[in-house]
Structure formats: C-alpha cells, structure tokens
Amino acid sequence: MLMPPFTLHHPQSIEEAVSLAAELIGKDEAFDWVAGGTDVLPNYKWHINPKPHVISLAAIADAHALSTCEIGCMVPLASLTSANGVHPLLVEAASKVASTLIRKSATVGGNLCLDTRCFWYNQGEDWRRSIDWCHKADCGTGADCRVIPNQNTLCVATYQGDMAPNFMVLGASVVLIGPEGERTLPLQEFYQLDGMKKNVLEPGEFLLKVVLPDDVMQREGCYQKLRVRDSWDFPEAGIAASWVPGQMESLTIASTALESIPRLHADVVGEHMAPRSSELDVIALSKAIQKSVKPVNNTALPPRYRRSMVKTLTKRALQGLFGER
Amino acid sequence: MRSDTMGTYRQQPGSKGSETRRDGKRVAGKQRFPPPGSGGSDPVMRPRDLDFIPETVGGREAKPAGDHIHDRDRTGTTVGKSIALVDSNAKVTGQAWYGDDVRLSGEIIGKILRSPHHYARIKSIDTTRVEALPGVLAVATGQDAPNRFGVLPVTKDEHAMAVDKVRHVGDLVACVAAVDEATAVHALSLFDIEWEMLEPVFDPKKGLEDHDEPIHWRGKYHLARTNVQKRVFQEFGDRSLVNSPRASSHGSWTMSGVHHGFTEPHAVVAHWDPNGRLQLYTPQQVPHYTHRALSTVLEVPMHQINVVRTFVGGGFGGKSDPFPHEMCAAILARKSGRPVRITFDREEVYWINRGRHPSHIDVKMTADDEGRISGFDIDALIDGGGFASFGHVTSYYNGVLATAPYELGSFHYTGARVWTNKPASGAMRGHGAVNTRCAVEVGLDEMAESMEVDPIDLRLANLLPPHSRTISGFRITSNGMREALERVREGSDWDEKFRQMPLGKGIGIGCGFFISGSGLPIHWDPKNFPHATVHIQVDMDGGVTVHTGAADIGQGSTTAVAQVVAEVLALPIEMIHVRSHESDTSPVDLGSYSSRVTFMNANAAIRAAIGIRDQLLKAAWEMLGYHPNVLVLNDRRIYYKHDPAVSISYLEALHKAQADTGALIARGAYRSPPMGGVHKGAAAGLAPAYSFSAYVAEVDVDVETGLVKCTNVWAAHDCGKALNPLAVKGQIIGSCHMGLGQVLSEKMVYGRTGHLQNANLLDYKIPSVHEMPHVEPIIVESSDPEGPFGAKEAGEGPLLPILPAVVNAVYDAIGVRLRDLPLTPDVVFNGIQKHMKTNGLDDETDLSPPRLQHGPLQAPLMERAAEHKERDRLRQRSEDTSAYVNGVLFGFDPNRPLSEQLEGWREADEPLPEQLAELGFAGRAWLKKEQRQMEDDA
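Read top to bottom, the protein sequences are chains G and B. The working numbering puts the first residue of the first sequence at 177, with every later residue one more than the last. The working numbering puts the first residue of the second sequence at 21, with every later residue one more than the last.
FYI, nobody ran anything at the bench for these hints, they're computed from the structure.
Taking lysine to aspartate or glutamate pairs in the DMTMM-like style, the calculated list, with each CA pair at most 20 angstroms apart, reads:
id, chain 1, residue 1, chain 2, residue 2
1, G, K467, B, E724
2, G, K463, B, E724
3, G, K463, B, D862
4, B, K176, B, E233
5, G, K491, B, D722
6, G, K227, G, D215
7, G, K491, B, D863
8, B, K240, B, E229
9, G, K221, B, E367
10, G, K491, B, D866
Just need the whole structure built from these sequences, with the hints factored in.
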C-alpha cells in the first residue's frame with residue numbers, strides 16, 4: 177500500500193496557515209488540513225480523495241490550548257484527562273475512542289472533523305474499482321451512491337466520531353478561522369447533513385478550537401457507545417446526555433454514528449420535558465429519539481439493529497444521569 | 021614423553037617447549053590439540069532431574085496412563101519442562117526475517133493486476149502500454165504459465181494468473197515488475213483488457229443447480245452442469261435405531277466464513293541465481309507443496325528450485341497452499357533477470373483467503389431410552405469460493421471428524437462443496453471439524469435438556485474408550501476425553517452453576533476431537549515413502565545440527581524437535597541447532613498442517629537422535645568397557661550406571677566416535693502404521709492418534725443489546741504428553757482467542773452485490789484483549805503409545821470446543837437457542853426479540869433462563885459413566901487389551917463384523933434411491949449425475 181505523494185506544509189502561525197491556504201486556493205491546488213493524521217492518512221493510503229498538498233496544524237500554538245473551557249484542535253485525545261481540568265464526560269468519551277495507541281496521535285479537531293464512513297467508501301482502490309466507484313469518491317465517473325442506489329445527489333456516509341455528541345450536550349461552540357476571518361458557532365450548527373460536505377467549513381477555513389461554557393463543570397453527563405469490541409471500533413451508535421443536576425430544562429441529548437452528522441435532539445427533549453426527573457417518561461423519550469434517526473446500511477452492524485439500540489442507549493444514558501438521585 | 025603422543029604432529033609450538041634428549045639432541049616442542057568442541061555455556065553439570073524421568077524407569081514423574089516405549093529414552097533434560105521457544109529471542113528483538121524482510125541486491129517490485137469482476141471471460145489482454153512505461157522490467161499474463169496447479173493432486177484447478185476466466189473479484193489477471201512500487205502501481209492501470217461478463221453465483225445453494233457456465237469444468241466427472249466441486253455420502257450403522265427416539269435434536273446452522281487473520285501478509289521474493297536455479301523466499305507452512313507446484317508451473321525440475329521458508333508471521337492454515345503470487349514472482353524474476361519481491365496489502369490477503377468455509381450445516385440427532393446416541397445425521401453444504409484448495413478434504417472432514425468421541429448407533433453424512441464466485445475457502449485451524457463440532461455439541465446439549473439430564477453426564481456415559489474404533493473405522497489409541505470432562509467440571513464449579521445462574525449469566529460445555537497428523541501423505545503412498553524424515557549431524561564442536569522440513573509457523577515446531585533431540589542426547593537445548601528453512605538442506609517434509617509436526621517430526625527426530633546416541637554409547641563402551649545397556653546419559657556426560665565415577669564427557673565420547681568417520685550422521689523417519697477401513701473416503705480423517713478436549717465457558721449476555729461477553733473459560737486438552745507445557749498452554753489460550761472470534765464477532769461479510777465488504781482488520785473483527793476471557797488451561801496427559809514421548813497435537817484441537825461451549829452458555833443465560841454464527845449482538849438481539857414475540861413477553865428482563873430438574877435417566881447415566889470410567893482406566897493402561905469397536909455400547913460383539921450381527925447394518929458411500937427424497941441441502945447434490953453417467957444414459 178503506497179501513499180500518493182503530497183507536499184506537507186508546516187505553517188508556524190494562524191496567519192501563515194490562512195495565507196498559505198488562500199495561496200493554494202488562488203493557484204487552484206487542492207489541499208487537506210492535517211492534525212493527528214489518524215483519519216486522513218489511512219484514507220490517503222487507500223487512495224481515497226488524496227490531495228497534492230497537506231497543511232499541518234501542529235506548529236500553531238493556539239491549536240494546543242487545553243483548559244476546562246478551551247480545547248485546541250491539536251490536543252491529542254489522550255490528553256483529555258481530569259488532571260488537565262477536562263470535563264469528566266469528555267474524559268469518558270475520549271477514553272472510548274479507538275485504541276490507546278491511536279489516542280496518542282488522534283486529536284480533538286480531527287475527531288470533530290472526522291470524515292464520514294461507509295463500507296462502500298473506506299476501501300482500497302482496487303476494491304472501489306470493482307464496484308465502479310461510489311458517489312463520494314467517484315474518480316470522475318459520476319458514480320451513483322451504493323448504499324441507496326438511484327439517487328446521486330446526497331452522500332449518506334455515516335459520521336462515527338465519539339467526541340461531537342459529548343461536546344454538543346455540554347453546550348460547546350467551535351472557533352473557525354479562515355481567509356474571511358474568525359467565526360464562532362454552536363457545535364450543532366457546525367455540521368451539515370451531507371456525507372461529502374460534512375460541515376460548514378469554507379475553503380481555506382479550519383477548526384481552531386472548541387470552547388465550552390464557563391459553567392460547564394456544573395453539568396453531569398453520560399455517554400453510551402455501541403460497538404462490538406471494546407477497542408479500535410468506531411461507534412455503531414452513540415448517545416450522550418447531560419444536565420445540571422436537578423434542573424430538568426438543562427437536559428440535553430445528542431446522538432452519533434446514526435446519520436451523516438451528529439445530532440443534538442433539542443426538539444425531541446423539549447417535547448418530552450417534565451418538571452422533575454422522576455416524572456420524565458424515559459421510555460417515551462428514548463423511543464422518540466429512536467424515531468428521529470434513520471441509520472442506513474453502511475457500517476458493521478445492520479441499521480435496523482442500530483436503530484433499535486438507540487432506545488436502549490438513550491434509556492441507559494438517562495439512567496446514568498438520574499440514577500443516583 | 022607420553023606414549024599416546026606417538027604418531028601425532030611434531031613441530032608444534034606449545035607450553036611444553038622443546039627439550040634436549042640425553043644424547044644431546046634437541047627435540048621440538050609439541051602440544052596436544054586443544055579440544056575443538058565445547059560442552060555448552062554452563063560450566064556446571066546439572067544433576068539428573070528425577071522429577072522429569074518417568075517412574076516406569078526409576079524416576080519420579082508419575083505415569084498414570086501407563087508406561088511408554090520412549091520412557092527409556094528420557095534423560096530428564098527438557099521434555100515436560102516449560103521453556104521459551106528457541107526462536108523467541110529473534111522474534112522479540114525484531115531480528116526474525118519474515119517474508120517482506122528479505123532484501124536482495126537489485127531487487128524490483130512486483131504488483132498483481134486483480135479482477136474487478138466477479139466472473140468474466142478474458143477476451144484479450146493488451147500489454148503494449150504497460151511495456152512502454154519507463155521503469156517496467158517485466159510483464160506477465162496467464163498465457164505465460166498455463167500449467168495448472170493445486171494443493172491436492174486430485175483437484176488442480178489454479179493457474180498462476182487467469183488463463184481464460186476470472187472467478188472472483190481479486191482473482192489474478194496479470195502481473196508486472198518495475199523499478200519501484202509507484203511505477204508498478206501505475207503500470208497496473210495501463211493494461212487494456214476486453215471482458216465478457218458471465219453470470220456469477222454467490223449463494224452456495226444456487227451452486228447446486230445447473231448453470232450455463234460452471235465456474236470450473238471437470239469433463240466427464242463434472243456433476244451435470246452444477247458448481248458442485250465435491251459431494252460425499254457416508255452411512256454406517258442401523259437406521260432403524262433412529263425410530264422412536266427418547267430425545268431428538270435438529271439444528272439448522274448458518275456459519276459465516278472466517279479468515280485466519282494472521283499478522284504477516286503474504287510476501288514472496290523470487291530470484292534466479294547465476295546458475296539458473298530458482299531461489300524462492302516465502303513464508304510457507306508447506307514449502308514442499310510450493311516446491312512441487314513451482315516445478316509444474318515453471319516447467320523446471322524440482323532440484324533446480326530451492327524454496328526458502330522465511331519466518332512465518334502466523335499461518336493457521338492460510339499459508340499452506342502453493343499460491344499463485346509465488347508463481348508470479350518467479351515468472352517476473354525469470355523474465356526480468358532481477359530478484360522480484362511481491363508483498364500483499366491486507367485486502368489481497370482476504371482475496372486469496374483460504375479461510376474457513378461458510379457453511380450451512382444440519383445436524384439431526386436422536387437418543388434412545390438408555391440415553392445412547394442412536395442417530396447421528398449431518399448434512400454440510402460448504403461454500404468453497406472460486407477454487408478447490410483443500411476443499412476435497414474439507415468435504416469429508418465436516419462429517420467424519422464428528423464420529424468421535426461418542427459411541428454412535430448410526431452415522432449418516434451428506435456433504436457437498438460448491439464453487440462460488442468468491443475468494444477460495446481452504447484449510448483453517450481445526451480444518452473442517454469446527455463448524456460441525458459446534459452443531460453436534462449444541463445438539464447434545466439440547467438432547468440432554470429434553471432428557472432432563474446433565475449434559476456432562478450424558479457425554480460421560482457415551483464416550484468411546486481408549487484403544488477402540490469409531491463407527492467409520494478410525495483407530496483411537498490414547499483417549500483423555502473423560503479426564504478432560506471431569507477436570508473442567510470440577511474447575512468451573514459446574515455443578516453449582518449450570519442452569520442455576522440468573523438471567524444474563526450462563527455456563528456451557530463443549531467437547532472436541534481432532535486428528536494428530538493426517539494418516540495419508542497427500543502426494544505419495546506411505547508404504548513407499550515416510551511421512552517425515554529428520555537428519556542429524558554432529559561435528560567436532562559438539563553442536564548438534566538437526567535438518568528437518570517441519571515449518572515453524574509460530575507454533576514451536578522447531579522447539580519441539582530441538583527438545584526431543586536434547587532429551588535423548590542429554591544436552592542443553594542451546595547445543596541443538598535446527599535447520600529447517602531451505603528445501604536444499606531439509607529432507608522432504610509435508611510441513612505444518614493437519615497438526616502433524618509434533619507427532620511425526622518429533623518421532624522422526626527421536627529416531628535420528630537415538631542413532632546418534634547409539635554411536636556415542638558405542639564409543640563410550642570402548643572407552644569405559646561397559647555395555648551401553650548399563651551406561652547412563654546425563655547433561656553432557658556418560659557414566660556407568662552403578663558407579664558414576666566411571667565416566668567420560670560427551671565430547672570425549674563424541675571425538676572417540678568420530679575418530680574413523682568424521683562427523684556423526686544419523687537419520688530418522690516416521691511413517692504411520694497401516695490402519696482404517698476400505699470404503700471410499702476411508703483415508704479422510706485417519707490419523708495415527710487423536711486429541712480430545714473439553715471446555716466450559718462462562719458468559720455474560722446483555723439481554724437488551726444482545727452483546728455477549730465471555731468471561732471465563734476452563735479449557736482441558738488431552739495432548740498425550742506436554743513436551744513443553746508453556747507452549748501447550750499458549751496453544752490452548754490462542755485457540756480460545758481464535759475460536760471466540762469465530763463464535764462472537766469474526767465473519768467475512770459478502771454484501772448484496774457479492775463483494776467482500778470487510779477486507780481489512782478494522783471491519784473484520786478479531787477480538788481485542790478486552791474481549792479475551794480469563795482462560796484456565798488444563799493439560800491432560802493420556803500418553804499416546806505411538807506419540808513422541810507420548811505426545812499428540814495441541815495446535816488445532818483446542819479450538820473446537822470453545823464455539824459450542826459459548827453457544828451453550830448463551831442458551832443457559834437467556835434460554836434462546838441461536839444457530840447463526842457469529843453471535844454478533846444483532847443476531848442475539850433478533851433471537852431474543854423473536855423468542856419474546858413467540859412467548860408473548862414485553863420486556864427482555866422477563867426472559868426466563870432454563871432450569872434443570874434431573875429426570876429418571878440421570879441416575880442410570882451416572883452409573884454407566886462410573887462403570888465406563890473403570891473400563892477406560894484398564895484399557896488406557898493396557899490392562900484390558902480386548903477389542904472394542906463402536907457398537908459395544910449397543911450390545912454388539914466387537915470380534916465379529918457388525919454386518920453379521922445386525923440385519924439393518926449398512927455401510928455405504930452412495931445413497932439408495934429411496935433415500936434421495938429425504939436428503940438435506942448438501943445431499944441434493946446426489947440428485948444430479950456425473951457427465952459420464954449422463955453420456956451412458958444417452
């Protein structure tokens with residue numbers, strides 16, 4: 177397996193990175209950002225949408241920020257520990273990502289911007305040639321989607337990051353920087369329901385850091401991850417829930433690995449809101465969340481099963497929140 | 021001046037210096053040659069280790085299973101001791117050289133063009149553009165090597181590259197060698213190929229039907245126009261016993277294909293040396309098969325080829341076929357005149373496959389009023405993929421390896437292997453026996469439940485004894501099945517846990533039975549040529565060089581051979597050097613498969629070592645004046661039995677023995693005794709010995725998600741005699757890991773388009789360390805009369821019982837029988853949901869796990885088991901040497917043919933016309949006729 181050649185750039189500052197990106201755009205040369213490389217480089221090795229340029233964020237100081245309320249995109253998942261003041265829910269979620277070895281390299285930014293996954297897509301080049309390519313990596317053929325044939329408008333590859341739903345339920349925002357300047361968005365608005373576009377990043381823009389509310393430590397959370405093996409595996413379904421203990425209106429639930437984006441289920445939670453946790457119809461709420469997601473057949477476990485599990489995972493996440501009370 | 025220096029060299033400088041004789045003449049100084057050898061690095065001789073010398077020859081090692089012919093060859097040196105494998109230092113320091121570590125000067129890189137189509141005819145290949153690419157040094161297509169090869173002489177259906185048709189996605193079409201990998205990869209895109217698409221077959225059931233274009237064509241032996249590669253029918257016994265059973269079980273199983281998942285991908289380097297000989301470096305389990313196939317394909321005599329086996333980074337059966345890429349490398353190297361290296365991507369590893377067959381297995385069993393297994397019907401339809409590989413044997417093994425350890429009233433087997441347009445299945449650890457074994461053991465569990473008896477007691481009351489014959493004529497020698505069952509029952513607290521644990525917690529039992537070496541060497545008649553040969557050479561330095569063709573694939577065969585030689589010669593293991601890498605220097609050997617190495621090679625090695633020992637003892641006799649019968653070997657010394665002060669060192673004896681002949685040479689060979697029946701297929705499953713095992717597994721089942729976690733395993737395996745207990749335990753634990761993968765998470769997923777969806781190690785889910793239960797390995801030693809020091813295999817058999825033990829434990833935990841492997845959470849969840857729907861349950865927590873109230877049959881079974889225990893003890897120790905054949909339990913006389921005693925007794929290899937209507941899936945292959953029969957009809 178041979179990685180296609182590319183030029184690696186090492187900008188030393190945000191400004192340099194942004195101007196480098198602008199320069200490449202100006203020359204019409206494609207590039208990818210790279211942080212830990214545990215997602216983009218395996219894809220390159222499989223010749224999945226490789227680019228001639230790769231810009232590393234490793235040398236940008238701001239990208240390494242790490243405190244309770246600010247986590248830079250270059251922070252390795254292994255550094256998300258209580259000792260570093262990180263919220264326990266994020267510590268728990270990070271500890272469930274991939275394996276110990278991968279967490280040393282894999283970063284927060286990379287996990288949030290994780291490429292969507294699909295078993296028709298995450299394959300070697302020979303393999304994808306044997307299916308005449310797919311919509312997401314069509315190699316110029318205009319190939320159809322292999323998951324849901326006869327619709328080549330939308331890619332339904334699945335977002336399988338663990339961190340995003342957990343950041344969402346804690347009320348996180350992301351700071352994006354690009355040629356047009358800096359902007360801050362709530363994390364749930366960062367994602368865009370399209371397996372190819374994935375998020376709202378404009379050309380030349382990158383995710384610099386995640387910002388959490390000042391009172392985030394008042395929140396408690398629980399993350400339920402469904403997977404076959406307790407190491408390596410991406411989530412087949414994941415539910416995160418959080419609240420400020422005793423304050424029902426603070427309850428938030430988010431899901432991952434069920435669609436092309438992680439989703440914060442604010443509406444569904446609102447519809448089932450109850451004054452006290454003991455009065456909350458956990459089963460009804462879990463079923464409603466289950467109803468609101470529609471996984472497709474492109475990961476290891478069948479979509480019907482993954483959807484069934486949403487109910488159980490939500491129930492368990494809520495029990496984890498309310499259990500001790 | 022000493023007289024013994026007469027006639028030795030003069031003019032030697034030395035400490036003694038010159039001297040002047042009395043007559044005034046000066047005589048040059050001289051010195052004895054320093055001894056050329058050494059006695060090993062330990063300066064202290066170790067005392068005789070009586071704990072490792074059998075009590076039968078005066079030591080303290082207990083021999084409950086009786087004495088053994090090799091007892092008097094024991095010296096207490098290494099056998100039975102836990103030692104590190106002799107190649108472990110090379111491996112843990114990263115110095116072991118695997119296939120891709122071979123670097124020859126001037127080497128170039130080969131790449132293989134693979135089929136993007138499931139099934140297509142190649143109308144033309146134009147290589148003009150490839151050849152024109154700068155940097156490309158050789159191109160080859162199927163036309164360059166049209167000779168067919170295959171691992172079995174009866175089913176040679178492979179080519180180096182597709183000659184006419186491609187048979188699965190990933191099949192080899194052409195290959196190219198270039199100065200570097202990037203150029204070679206680029207070159208692959210420049211082939212211009214015209215294809216004619218053919219209609220592929222993916223479902224093995226469809227493979228039984230006639231097809232316009234069968235995947236292979238066998239001429240007059242082809243079965244109609246189907247894709248059936250092999251069909252088997254075997255029937256033994258009296259079918260009338262099956263009528264009016266006390267209990268019965270019928271299980272229909274779907275088992276996914278699994279892959280070996282070895283760490284090292286295939287890699288090969290081919291080099292034609294200046295003399296025009298081919299040097300081929302490859303991580304092979306069976307270099308000899310590659311050697312033969314290369315000769316056929318390249319049309320070069322075998323002596324012009326040297327196959328060098330590199331270290332093998334895991335094989336498990338997946339590196340025992342001769343492979344087309346090995347041919348490709350040799351062809352490219354010949355064309356380019358440069359060494360060519362081909363290393364696979366993981367995807368290519370899955371495409372060449374040879375993993376366990378995806379199977380549809382039906383097992384029907386019945387038990388009579390006395391709790392005896394009266395009926396035993398197996399139907400196995402196995403999916404062979406695009407090529408035959410070992411499939412001919414697998415087709416038999418799926419049935420015949422289920423004929424023990426239980427005594428059966430009748431045995432009925434129909435098997436069929438079909439070609440499909442998928443990567444070829446082949447041999448994998450536990451070859452052919454694993455899937456049926458699982459179905460059989462779960463069937464027994466089900467019958468025990470309906471008879472209201474404990475499944476362990478049911479087994480204990482139905483075991484074949486040591487020194488008996490199975491219903492199909494296999495010769496059982498040593499048999500530690502009973503002890504294995506008793507020990508796991510005790511170790512796991514079975515009687516306190518079985519059918520007594522809360523919902524979601526379960527415990528289950530499974531047994532296993534496996535061959536210890538195949539009785540038939542595939543390529544020759546054992547009457548004409550032995551199974552294994554070992555050469556030993558001892559030169560002046562005292563080091564012992566052992567030449568064997570046994571391929572160490574990580575299982576420790578080199579260590580086993582070194583150990584037995586060290587044991588016989590009473591030398592530290594560091595003085596034994598095993599050379600097994602090159603076919604130039606290794607005696608012809610069948611390599612590492614069918615769990616034959618310890619049994620066959622170690623036996624041959626013992627014989628060779630005895631040859632060396634006898635030469636040493638003869639020299640010692642001359643020096644000490646005592647006959648070898650009263651000489652004892654111990655740690656680099658030979659001494660008189662009754663006065664250890666009368667002794668010489670190993671080196672002194674060695675140099676004396678070498679005085680006239682130079683280096684000592686000896687060879688030893690092993691051949692299996694004649695055995696087995698005469699029916700068609702009688703040789704399949706024949707082995708000089710069989711291993712037995714029993715496992716108890718404990719599981720936690722999450723009833724809401726269907727996730728199964730195996731928490732504890734008690735694993736008892738009868739390996740005859742553990743030459744190296746550490747290695748045996750490693751094999752047991754490793755087998756558990758591999759079997760757990762198959763039963764819980766591993767599967768080769770073929771999607772709706774027939775493509776293999778998970779050709780990578782992320783999506784092909786081999787259990788991680790988190791999924792690994794605590795395994796308690798229990799070694800049972802039944803001392804096989806023909807095994808080396810009593811040993812039998814321990815590499816494959818231990819895999820079998822873990823599957824049924826886990827499946828039975830899941831039933832114990834949730835009360836739902838599941839028969840789709842692997843038991844991924846969705847399978848378990850769906851099973852639970854279906855069960856709840858049938859039983860009108862709303863909540864998973866309302867499931868009721870099964871409970872056991874012993875029925876009236878329990879007491880008689882326990883009584884019979886107790887009687888049989890004494891019977892087995894006497895037979896094992898050869899205190900009872902009467903004949904015993906399958907059928908004695910049913911009241912027959914073992915000394916007369918059963919066909920004389922029982923009117924309904926039938927032995928058949930073809931179904932009767934009236935049986936055709938009731939055959940299972942695989943049996944339906946018998947509804948078709950071979951082409952030659954069709955011609956006859958026409």
